[in-house]
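2 protein chains.
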Amino acid sequence: MPQRVTMATVARRAGVSPMTVSNVLKGKQSVSPELRSRVEAAVAETGYRFNATARTLRSGRSGVIGLLAPGSTSPFSYYGMLGGLIAQEARRHGLTLAMESPEPGREAEIGAIERARAMSYDGMIVTPLAMGPEDGPLLPQDFPVVVLGERPAPHGTAHISLPNHAGAFDATTHLLERGARRIALVSGRPGPEENVLTRRADGYREALAAWGPEAGAPVLIEVQELGPQAGREAVRAALAQGRRPDAYLGITDSVALGVMRGLADEGLRVPEDALAMGFDGIPEGEFSIPSLSTIRPDHAWIARRAVDLLLERMGSDAPAQLGGLELTAPHTVLPRESTGR
Amino acid sequence: MPQRVTMATVARRAGVSPMTVSNVLKGKQSVSPELRSRVEAAVAETGYRFNATARTLRSGRSGVIGLLAPGSTSPFSYYGMLGGLIAQEARRHGLTLAMESPEPGREAEIGAIERARAMSYDGMIVTPLAMGPEDGPLLPQDFPVVVLGERPAPHGTAHISLPNHAGAFDATTHLLERGARRIALVSGRPGPEENVLTRRADGYREALAAWGPEAGAPVLIEVQELGPQAGREAVRAALAQGRRPDAYLGITDSVALGVMRGLADEGLRVPEDALAMGFDGIPEGEFSIPSLSTIRPDHAWIARRAVDLLLERMGSDAPAQLGGLELTAPHTVLPRESTGR
Numbered sequence: 001m002p003q004r005v006t007m008a009t010v011a012r013r014a015g016v017s018p019m020t021v022s023n024v025l026k027g028k029q030s031v032s033p034e035l036r037s038r039v040e041a042a043v044a045e046t047g048y049r050f051n052a053t054a055r056t057l058r059s060g061r062s063g064v065i066g067l068l069a070p071g072s073t074s075p076f077s078y079y080g081m082l083g084g085l086i087a088q089e090a091r092r093h094g095l096t097l098a099m100e101s102p103e104p105g106r107e108a109e110i111g112a113i114e115r116a117r118a119m120s121y122d123g124m125i126v127t128p129l130a131m132g133p134e135d136g137p138l139l140p141q142d143f144p145v146v147v148l149g150e151r152p153a154p155h156g157t158a159h160i161s162l163p164n165h166a167g168a169f170d171a172t173t174h175l176l177e178r179g180a181r182r183i184a185l186v187s188g189r190p191g192p193e194e195n196v197l198t199r200r201a202d203g204y205r206e207a208l209a210a211w212g213p214e215a216g217a218p219v220l221i222e223v224q225e226l227g228p229q230a231g232r233e234a235v236r237a238a239l240a241q242g243r244r245p246d247a248y249l250g251i252t253d254s255v256a257l258g259v260m261r262g263l264a265d266e267g268l269r270v271p272e273d274a275l276a277m278g279f280d281g282i283p284e285g286e287f288s289i290p291s292l293s294t295i296r297p298d299h300a301w302i303a304r305r306a307v308d309l310l311l312e313r314m315g316s317d318a319p320a321q322l323g324g325l326e327l328t329a330p331h332t333v334l335p336r337e338s339t340g341r
Numbered sequence: 001m002p003q004r005v006t007m008a009t010v011a012r013r014a015g016v017s018p019m020t021v022s023n024v025l026k027g028k029q030s031v032s033p034e035l036r037s038r039v040e041a042a043v044a045e046t047g048y049r050f051n052a053t054a055r056t057l058r059s060g061r062s063g064v065i066g067l068l069a070p071g072s073t074s075p076f077s078y079y080g081m082l083g084g085l086i087a088q089e090a091r092r093h094g095l096t097l098a099m100e101s102p103e104p105g106r107e108a109e110i111g112a113i114e115r116a117r118a119m120s121y122d123g124m125i126v127t128p129l130a131m132g133p134e135d136g137p138l139l140p141q142d143f144p145v146v147v148l149g150e151r152p153a154p155h156g157t158a159h160i161s162l163p164n165h166a167g168a169f170d171a172t173t174h175l176l177e178r179g180a181r182r183i184a185l186v187s188g189r190p191g192p193e194e195n196v197l198t199r200r201a202d203g204y205r206e207a208l209a210a211w212g213p214e215a216g217a218p219v220l221i222e223v224q225e226l227g228p229q230a231g232r233e234a235v236r237a238a239l240a241q242g243r244r245p246d247a248y249l250g251i252t253d254s255v256a257l258g259v260m261r262g263l264a265d266e267g268l269r270v271p272e273d274a275l276a277m278g279f280d281g282i283p284e285g286e287f288s289i290p291s292l293s294t295i296r297p298d299h300a301w302i303a304r305r306a307v308d309l310l311l312e313r314m315g316s317d318a319p320a321q322l323g324g325l326e327l328t329a330p331h332t333v334l335p336r337e338s339t340g341r
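Going down the list, the protein sequences come from chains A and B. Numbering (full-length UniProt numbering) for the first sequence: 1 to 341. Numbering (full-length UniProt numbering) for the second sequence: 1 to 341.
A portion of the hints provided could be inaccurate.
Unchecked claim - Okay, the calculated bits of chain A under chain B, using three or more residues with CB under 8 angstroms as the criterion:
1) 92-100
2) 127-141
3) 162-170
4) 256-269
5) 274-284
Claimed, not checked - Using C-beta positions, here's what the derived DEER-type ranges look like:
6) Ala41/B to Asp265/A: 51 to 59 angstroms
7) Glu103/B to Pro335/A: 30 to 38 angstroms
8) Glu225/A to Glu177/B: 22 to 30 angstroms
9) Pro133/A to Glu103/B: 32 to 40 angstroms
Keep in mind that the hints were calculated from the coordinates and are not lab data. Positions of the beta carbon are idealized from the N, C-alpha and C atoms, including for glycine.
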């Protein structure tokens, strides 16, 4: 076995102190160009490599956790934003976050968790689109997993969900308080299963019912997917059919931003001609013209809890034995220009 | 050693065909609830796991490649978008993409490449903010790396850069063609090193010079960072000082979207009161109000070349020996509402 090349090896070769080697490797500007080039030559000759992770690997940990987030690279991405916060939180604990965006489907999602385990990730935060409660037994029982998101989670896992019902109730009430009386929900067609769409739709309907008859009946403007282009097309199609709500509640901020763009395409202005509101609190809604009123779940809270729960499971020999846990993030109503702030 | 649990083991236990097991695991709806629950019980009892990656691992490959992209989770993220395209391209080759967003700094960037190698990633696409040409010798010589982005790349690596100079030249010329005569560049203060800021600034200045004296002198409105909030604050500060350009060229789309928001804060309208243009072609610029004119590098081209070059290096025993390669992506001028389309 070849002798291990350490920083001291490099220092001897270059005729400098290990501290100088370290300063060069850290990119410190205090080192003279001459010393720097001697050290770099010695690094090249000895084949020395940074090895910050060696200690971690010896401890049986890789120092890497995964985030499985479908669509995390889409425009106006909720999961892109959340990934940034989780990465930051992971760094506070000396961990690196690797984000993967698998193809949709149960097998792809479960396979990605299997692969993460095989790659010696220390654990995984998962936002499933397809996996459900029945998939608990298919997950590796010796691998720490925390589930985020809007579907019922696999049984026995720790699960943090968004305030879907209460948030949509509050969003609808906010639009009613601002005077809207024909509020359309812009969303996907709800399926038979309980998920983010059905929960938010329930919150919207219950708010209308609680306000009384003058709130008007629920109206769905259907989108083909939860992105800005679909929102834009849906609102244009509805206008072409002569439907003229006085407010639009986008099922996500991304859909709501598309709704505002679709209204602009038709020469209509928000909030003058109709109010618009989203759900998620992505940062892009702060910069849109008009800025977008929304429901903001406490994303920092979610990131902190997700990493804490994962660390707890990483510290256990049998993470699955820690059992199921259901948390719902707190939220605030964030009024901005699109509802006439 | 315990006997390996295969799909056939599960099928025998459940008294069904392996095809039925496969259908259940793939979530197909054609399986009756009764059969489904028998299969799921057998899966739980045998401890069977999906093992799509086992074959890959036996071949000495993990099937995972990394993308190291600082700031990939920021709002209006160029790297978020590019990550999506690279993930898609990787999937076409049966590979999974893991995105990491390290802290800035040479050591963090080089350390992340080391860790990716230790984690048995098959290779890495890197967009360094801090590593430079002198760091070639510090990179693992037996690990496939392809470099994207806007800094001079480590010597000896394959490098795909953006059309910074030509793109900024074309953007400025487009603004001049639309009648602008006092065009401000909204950008960071250029340092002594050549990078994206200096290259784009050079293209901007050369376009003004090429147009002749009526194009006016170059003007820098300085941002503290390359994000929307910084663009918004910079344009408001410039207006407060009485500076009134008739066009703004944002150094990135993200900055330009902030500029438009800053103008709206002051009651100014784009394109009526001033033109605005960005650089990058992120999808968000299609949905902003007004939509954002921009320089769009061919992102699909970049993703395809990056993965192709990485695969070439993954097929080699000594990837570093394939030598240096410099490619620049093609681009198009994309006129939209913000320059009066």
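*Output the numbers, in ascending order, of every earlier hint that fails for this structure.*
3, 8
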